[in-house]
Amino acid sequence: MMWLLLGAHGLGIGLAAAAGGRSLRAGLAVAAIAPAATAGWAAAALLRDRPPEPTSLVWVDGLDLSIRFQADGLALLMTLLVSGIGALVFLYGTGYFNPGPGARFPASLLAFSASMLGLVWADSVWTLFIFWEFTSITSFLLVGHKHEDPTVRAAARRALMITGAGGLVLLAGLLVLTSEIGSSTLTDLAPVSGPTATLAAILILVGAATKSAQVPFHVWLPGAMAAPTPVSAYLHSATMVKAGVLLVAVAGPAFVDVAAWKVLGLSFGITSLLWGAIGALRHRDAKLVLAWGTVSQLGLMITLLALGEPKATFAGVSMLFAHALFKAALFLVVGEIDVRTGTRDIAALGGLSRTMPVAFGVAVAAGLSMAGAPPLLGFMTKEAAIEAALKLSGPDRAIALGAIIAGSVLTVAYTTRFLFGAFGRGPATAVAPRRLAMTVPAVILAGAGVLGFVAVATVNGIVGPAAAELDPEAGTFLLIQWPGLKTAFVISMAILASGAALGTALSRHDHPARPAPATLGADAVDRSIDGLLSISPRITALVQHGSLPVYLATLATAAVLAATPFATELTLDHLVWWDNPLQGGLALGIVVAAFAGAFVSSRLGAALTLGAVGLGVSGLFVVHGAPDLALTQLLVETVVVVGFVLGLGHLTRRFPPVNGTWRGVRIAVAGASGLGAMIALAAASAQPTGRAPLAELTSQSVEEGGGDNIVNVILTDMRALDTLGEVVVLATVAIGILSLARVRRQEAATRGPA
Amino acid sequence: MNTLIALTIIAPLLGAATGLAFRTNSRARDASTLLGTGVAAAAAVWILVRVADTGSHVMAVGGWNPELGIVLVADLFAALVLPVALLIIFVVEIFAIGQRRTAWGANPELAGPLLGVLTAGVSLAMLTGDLFTLFVAFELILVSSYVLLTHQGQRGQIRSGMTYVVMNLLASTLFLLGLAVVYAATGTVNMALLAERVPELPTGVRVGIGAWFFVVFGTKAAIFPLFSWLPDSYPTAPTTITAVFAGLLTKIGVYAMIRFHTLTGMDDLGTIMLLIAGATMVIGAIGALAQSDVKRILSFHIVSQIGYMLMGLGLFSAAGTAGAILFLVHHMPVKTVLFLVGGLIENHQGTSALDRSGGLAARRPLIAALFAVPALSLAGLPPFSGFVAKFAVISAGIEQEATPIVVVALFAGALTLLSMTKIWLGVFWGPSPELAAAPARAVGNRRTMVAATGLAVAGTLAISLFAGTLFELSQRASEDLRSPAAYISEVTS
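Chains as they are written, first to last, in our numbering: chain R, 1 to 754; chain W, 1 to 493.
Everything labelled a hint here was simulated from the structure, so no lab data went into it. All figures in this text were calculated on a predicted structure; none of them were measured in a lab. Just so you know, not all the hints are guaranteed correct.
What the hints assert, rightly or not - Some, not all, of what chain R presents toward chain W, calculated at C-beta under 10 Å:
no.	residue
1	60
2	64
3	144
4	153
5	358
6	532
7	535
8	536
As the list claims (entries may be wrong) - If you want the footprint, here are the derived chain W segments under chain R, 3+ residues with CB under 8 Å:
no.	region
9	181–188
10	342–356
11	386–398
Beta carbons: idealized from backbone N, C-alpha and C, even for Gly.
Please model the entire structure based on the sequences and the hints provided.
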């Protein structure tokens, strides 16, 4: 069934692109079908309490890469969010966008939706990783939807680089983890411990933190608000950013014995909880307020899950559920405000409670749920979180409780400020007519928050089994409508009162004329990426400087270094000075000519000394009794020298002068190369492990080859293939020379007579 | 089987010779080139099917025994890589026919035959079981590629061709010297006999030989710090030529290295190889970041990616070598495709410079899609072949607990992603440039070009899809190379 649903998404992508080519709205409507069906399937599976059959497909057996899906309680909860909110967002989009064609957007958004399903269904770390990376790519495409704007491109790049680099860190972490436990199946992750496990824990947490926008990796998320609002509502609040939280949740059981997991998880979580909320209070763009709020709320979830206590795990999963509903609703409202008023600045907006009453209702219901006020779903989950913190012992209790209380006060404050800023106060901002397609999804999502409180049993039926997948004990807790006058409730009320007071006070300071607050951190990331881009030419210039002599010297030096091992085996015992004194004389001549060639300053002199070296070598062949080789060599040398002399006419008579150090380097490299070659040959011939088959060569060339001249038989029979190759080489060179000559002639012809 | 092996070398040469005969009839010329490569590619595919099923096949050329003559060996490694290489050339030839007027510029009748020579060289290099014949194959490849690079006679091409040919000729000289050393030490250039005799050599000589050929093959493969000839010369050639070079030439160096260094058991060089691999990955990726032209960025990527293959080899484990082989198989088509897309980009907007590009995704979504697949694959993102290849190499690194190189490999992966983003943002997104400077060049038959590119992209997707089978074959090839007893007995018996 899961394959079928993914297939439906695949088909939907094609159809949505086709429909979108004519009308973007139609494309979105078509795209909504597959998610709606999937949400229905997940809801049915949850209600019937019968989990679907796991399924798998082996991809690369040798690497344990396979696509394995399972839909346990947690996966079904996530499916409900991904596909349910997905379908609503597609519906919303049909009102958000103005009429006109657009194939790319619905297709990309549906592709994201499908990737996210794969991610939440994954039962193998590699399945999870594959879809994880998919979501990064589709997110990049969606963030860059309005890519004509350079700030949008910068934001898309920032998001991709942070999540992409995080993906690589995660890959490393998962590799370490799987090699440690020897299995890649997620549902039976065994607890690990030891330094390797610590390494895996840190890497996986960092990977999760990049995706779930945890401080200091959060900077991409506010930038991602450059995307159209449906994207922000869907990817960057309800689903994709939850991937990191989900990973922390499912990997948590493996790391119960690893101290670093909890410490680092709490550090990420608490820092983000507080810093995110502060960010939400600093910004005036409603989308940024919500985005920073998301950083904060994700921090809270990570904090709860990293604690590794059953009650906290339960609270974390409940938060995951509640947050997706209220945050998506709030984004949809902000999108509607943006479309209908043309601004999202909460300092500039005002009085929308009168002109946009439905949106106001949605915002209040969702906002209060976010603030944790009764009678809403968010209230019950916040209660659960506080209670979980109260149940802790030791320093954990103080830290967690303090962080949750402080974070919640700030959350109430920014919610208040947002609601007051947009809907209260001042003259009502002028609004365009309502678009029904935008209103309905927002009402449904906010209504779900209310309904969740009323029908708490149903919610418990969804959240409980999900939490039980992570920790059987966590499944035993329930969300409670009216806890009575217990400590947690008192704390809750105190939070609401102080937060509301703080928010109201801060709200008075908002003024549209004040400059927008600095985007702390984001520009630093951009600067470092740009810095990397601008420093790279300098690094490259060090190795890729364009000087051929230096390249050649580098290669020669590498060869000399490669020859150094030969020196350890160098013996001279097996060497004789000569078989015939003539060889000695010729060798001396060759050496002298070679030195002369290196030091002579005229090009003609160099050509002639090279010729002399060749002549000496053919002399050696004669002494060895190989007159045909000597003749060949002589011929080649003659042609080469003649060629050189002919070519010299186009060059200066003398070599360009070479400065002191460089001259020294060249002498050293040349000397070392010669020495290296000598040592290599001497060492290699000292203790050979095989001899050339001379006797066989002699007999076989006569018997099989039918020739007395062994060299000829070798060239034309035994190694005829080599000869063929070299003949083709020569022919090719000839073609090359001819073609160059022809180009010159054509150029001369087109220039006309001078 | 002997016929099939012979065909992979002879058919392209015959195609080249026939092609040269048709000086004015461009259709007949194209047909003979395509036929030559096509027959060779089909033979190579058939060889793979046979070898995967029944094992290696040795062809003693001229019937001489391996001590005296040359053997061509279709073992699994050769059989796996060769069809990929030949199919790439085939697809590029189709692309080039579509783009003829711009791609082949002056002397258009020569490009096809020269590619034929190159193809024969590639087949020979992969199939030969003889170190000297490998040298000859390198010469064939070097000379034909040099002429392909310069035969249009543009000044920039001749200047950068100089760097290319001189560096490679010095490497060839070192190769010859290495052959002399090997022959002095073992009395043979037959690889199977070398696999027997090199490990018995005194340590210094053995390691020296390994290091020497590491430098020789490393220059061909463009490893750090010997890669400098590549980024200077590749971008100056016509796109089709560069596409072939990018996909094949450096990979022949890697191929030779994998074959020689595993067969002769050069495990001692592992550490130095890993060091060089890391430097190659990072410097190549940084070099790519520094560029502002699509073709130059892609050229530096070649260098960077060679580092991953070298990493797989340098681990000297069964998994590592298998990873390197899979990486090779993945990389050749992906890199070629990227250059073909580079050619499409150039063709559509008259330039591949980033600052004069923009907005192509809106105008040509198909080109954007054709770019996205291989680009994501090269950056190592799932589910594309590059992910599997990188995954194979990196998990082999984790298995060997080679932490530093794993960290470097991941870091280089991030840099690669950034440089791909640079192309994407520069070419496909952003405002369209002033259309006043729009393509003034002849454009050729775009439909053929796009179809060829699409075919190649489909090929890379097929590699992702059948990554399981390919990895299994890579593993078997790796086992064969690392325990060469079977190879030795097959060749020498």
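Evaluation of the provided hints:
Annotation: residue 60(R) was flagged as interfacial toward chain W, and the flag holds, the nearest CB pair being 4 Å apart, inside 10 Å. Annotation: residue 64(R) was flagged as interfacial toward chain W, and the flag holds, the nearest CB pair being 9 Å apart, inside 10 Å. Among the interface hints, the one on residue 144(R) holds; its C-beta lies about 6 Å from the nearest C-beta in chain W, closer than the 10 Å criterion. At its closest, the beta carbon of residue 153(R) sits 5 Å from a beta carbon of chain W; the interface hint therefore holds under the 10 Å criterion.
Interface restraint check for residue 358(R): the shortest CB-CB distance to chain W comes to about 36 Å, outside 10 Å, so the restraint is violated. For the restraint placing residue 532(R) at the interface with chain W, the shortest Cβ-Cβ distance is roughly 6 Å, inside the 10 Å limit, so the hint holds. A hinted interface residue such as residue 535(R) counts as satisfied when its beta carbon comes closer than 10 Å to some beta carbon of chain W; here the least separation is about 9 Å, so the hint holds. Interface restraint check for residue 536(R): the shortest CB-CB distance to chain W comes to about 4 Å, inside 10 Å, so the restraint holds.
Only residues whose beta carbon comes within less than 8 Å of a beta carbon in chain R count, and the region 181–188 of chain W has 8; three or more means the coverage holds. Coverage of the region 342–356 of chain W by chain R is violated. Counting CB-CB distances below 8 Å, 0 residues qualify, and the rule asks for three or more. Counting residues of the region 386–398 of chain W whose beta carbon lies closer than 8 Å to any beta carbon of chain R gives 7, which reaches the threshold of three, so the coverage claim holds.
Checked against the numbered hints above, the structure breaks hints 5, 10 and satisfies the rest.
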